[in-house]
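**Q** So you can see what is in the structure, the chains are spelled out below.
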Amino acid sequence: MADAAVTAAAPVRPAHYGSMSRDRRWAMRWSYFFLVLFAIFFLTPPLYMLLTSLKTSAEISAATNPWWVFAPTLENYVALLTKNEFLVFFRNSALVSVCVVTVTMVISVLAAFSLARMKFWGSATLATGVFLTYLVPDTLLFIPLFKMFAWFRDLTGIELINHWWTMIILYPTLSVPFATWIMIGYFASIPKELDEAALIDGAGWFQTLTKIFIPVAMPGIIAAMIFSFTVSWAQFLYPLAFTTSSSELLLPVGIVTTLIKGDVFNWGQIMTGALLGAAPPLIIYAFLMDYYVAGLTAGATKG
Amino acid sequence: MAQVTLRKVVKKYDEVPAVRGVDLDIADKEFIVLVGPSGCGKSTTLRMIAGLEEITGGDIAIGGNIVNDVPPKDRDIAMVFQNYALYPHMNVYENMSFGLKLKKTPKAEIDKRVRLAAGILDITELLDRKPKALSGGQRQRVAMGRAIVRDPKVFLFDEPLSNLDAKLRVQMRTEIKKVHQKVRTTTVYVTHDQVEAMTLADRVVVMNQGLIEQVGTPNDLYHSPATKFVAGFIGSPAMNFIPCQVEQAAGALRIRLTDALSFPVPAERTARYTPYVGKPSLVLGLRPEHIIETRPHIEPNQHDFDMKIDVVEPMGMETLVYFTVNGVEVCGRVNPNAGAAAAKTMKLRADLSNMHLIDDTTGKVL
Chain A
280 MADAAVTAAA PVRPAHYGSM SRDRRWAMRW SYFFLVLFAI FFLTPPLYML LTSLKTSAEI
340 SAATNPWWVF APTLENYVAL LTKNEFLVFF RNSALVSVCV VTVTMVISVL AAFSLARMKF
400 WGSATLATGV FLTYLVPDTL LFIPLFKMFA WFRDLTGIEL INHWWTMIIL YPTLSVPFAT
460 WIMIGYFASI PKELDEAALI DGAGWFQTLT KIFIPVAMPG IIAAMIFSFT VSWAQFLYPL
520 AFTTSSSELL LPVGIVTTLI KGDVFNWGQI MTGALLGAAP PLIIYAFLMD YYVAGLTAGA
580 TKG
Chain B
1250 MAQVTLRKVV KKYDEVPAVR GVDLDIADKE FIVLVGPSGC GKSTTLRMIA GLEEITGGDI
1310 AIGGNIVNDV PPKDRDIAMV FQNYALYPHM NVYENMSFGL KLKKTPKAEI DKRVRLAAGI
1370 LDITELLDRK PKALSGGQRQ RVAMGRAIVR DPKVFLFDEP LSNLDAKLRV QMRTEIKKVH
1430 QKVRTTTVYV THDQVEAMTL ADRVVVMNQG LIEQVGTPND LYHSPATKFV AGFIGSPAMN
1490 FIPCQVEQAA GALRIRLTDA LSFPVPAERT ARYTPYVGKP SLVLGLRPEH IIETRPHIEP
1550 NQHDFDMKID VVEPMGMETL VYFTVNGVEV CGRVNPNAGA AAAKTMKLRA DLSNMHLIDD
1610 TTGKVL
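In order, the protein sequence lines correspond to chains A and B.
Going by this note's numbering, the residue at position 257 of the first sequence is 536; the numbering climbs one at a time, nothing skipped.
Going by this note's numbering, the residue at position 128 of the second sequence is 1377; the numbering climbs one at a time, nothing skipped.
Chain A on its own, in the form it takes in the complex (with noise of 0.2 Å):
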């Protein structure tokens, strides 16, 4: 009977001899499908940018073919690197960004450890708590922050409103909670016995943090820089809500409110200015990817 079933069943099926690179190459082929539908959708308005930065204001309004640039000029870019005031945005920019990363890593590699490893009373509602917070939106924040800022001056005679370098306390009230949620699961994912070794080998919690976490964690401690600087330099809501002055602008509001004056757009020098504050991060992206390789706990434990 089971022999009279097989041999009954075995026309029917054809052999798929092959079958399996068949399948590779149609998954190969629509992989690539899509990824170039996503790179021509994501790449599409970093190219009007970059068309737009290189014309003329005549051209700009003129109706010419947009996706065409006919006299190239380099007029834009000379005109905002000359301009004091956008090299006054970007440092402002640049300094914030720095410093806000700084702290950033500082609080959440030293919470994160504490929470993941540190096993003390409260420690997992604490690390719920963390990630709560980071639910919040900002916008909800300004309110009560300008009010903390009023008491704050009326307590100290501090006065924190309009100065760009309240955004190194303030981003971090954006940055800290995320980045302390990344290093809490890379933390939590480096196996228990490595730092029982280390305790062993006489390594108290602050050695076993510096000499074996951190740079076990590398590559989720650049993800979190990463976020943090992304978080600090793109922050648009809170200097435009908390800074007026220009000289106290960063980067994204100083394009907007500079080169936008009342109904006027300066087109060719704000799409300059957003094509220029774009590439720091893309520098520090295209220079952190290479030490940003998972894996690093290879050959740890039996792998």
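Worth flagging that the hints you see were computed from the coordinates, not collected in a lab.
Among the hints, a few may not be true.
[Stated by the list, open to error] Straight-line distance between alpha carbons at most 25 Å, and here's what the computed DSS-like set of lysine-lysine pairs gives:
1) LYS490/A / LYS1278/B
2) LYS1402/B / LYS1427/B
3) LYS1257/B / LYS1613/B
4) LYS471/A / LYS1352/B
5) LYS490/A / LYS1261/B
6) LYS1557/B / LYS1528/B
7) LYS490/A / LYS1322/B
8) LYS1278/B / LYS1402/B
9) LYS490/A / LYS1361/B
10) LYS471/A / LYS1322/B
11) LYS1593/B / LYS1557/B
12) LYS471/A / LYS1261/B
13) LYS490/A / LYS1352/B
14) LYS1427/B / LYS490/A
15) LYS471/A / LYS1350/B
16) LYS398/A / LYS1261/B
17) LYS1322/B / LYS398/A
18) LYS1278/B / LYS1322/B
19) LYS471/A / LYS1381/B
20) LYS1427/B / LYS471/A
21) LYS471/A / LYS1593/B
22) LYS1426/B / LYS1278/B
23) LYS1381/B / LYS490/A
Following the hints, complete the assembly by docking chain B onto the known chain A.
**A** Structure of chain B alone, referenced to chain A:
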């Protein structure tokens, strides 16, 4: 001098006991193996000696000093973990020297010790490699090297071979024994593999459900198990346990398994077993190697019997035969040329001089 002493050591996790009062004296330079099934408390016991787990009750002493509240780094111990726990960002040399560096040992001294340990373990040419460029066996050696360079009072091994394949495991087992013969450090070794325990240990500690069942040399445990658990745990294939009764017949005792099958008790055990005549819930313990095929020459206390074989498993050097007595499956080890065949009746021989009589209610060997 580094004896390790455990006195009434208890460990509870939220009132759930993992170790329920362990007393153990480990002599200087001794190789002790803690063995038992998963969850028996052997790893917890080891981790308490290491200081990685706080003890709930009792005392642990290393080299005569109570270390209950001493942190791991000050206990002068070294531990080898099941998954090696090498520092992935450091090369082999840095891995091995990390502990010494933290102790601020002079560079020359570190170098001397690392090279000595690397020589013992035959990993000198691997010193520059990162752990990810090493095979499982090499990683295991590095983990041992990291322990050796610290020249500790006690080595602790937590199932160090369970991640290796069967062949490498046997090889590393010999390696560990060699290393111990060279460095002679007091060693506590945890495993669930009774073969590993038997081959490595000076003394084996069999644990079950958070308690020590028996402590003894490998031969002691094999030949004179104290409990049914130890009798069944040590030895492979496991000891046969057949329900039986002790009968008095004409001044001698007989072990009755079924109406048709009974064996005379060896004369020297008559006095020992007489109190159990007619008692219920007794079990005969007989190892498979003591049930063999019939041979021309018969020794005292050996008895032939006919049995229908259910299953035959040829192993090459021997053949395992399985048959049913009194409702339980019994295993025997016979010569491959003895002609064992399934569903055929075969003449077998039981060697009663190696029998054990067990009280099944208390689990004690009588």
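**Q** Of all the hints numbered above, which does this structure not satisfy? Sort the numbers upward.
**A** Numbers 1, 5, 6, 14, 20 and 21 - these are the hints that the structure violates, sorted from lowest upward.
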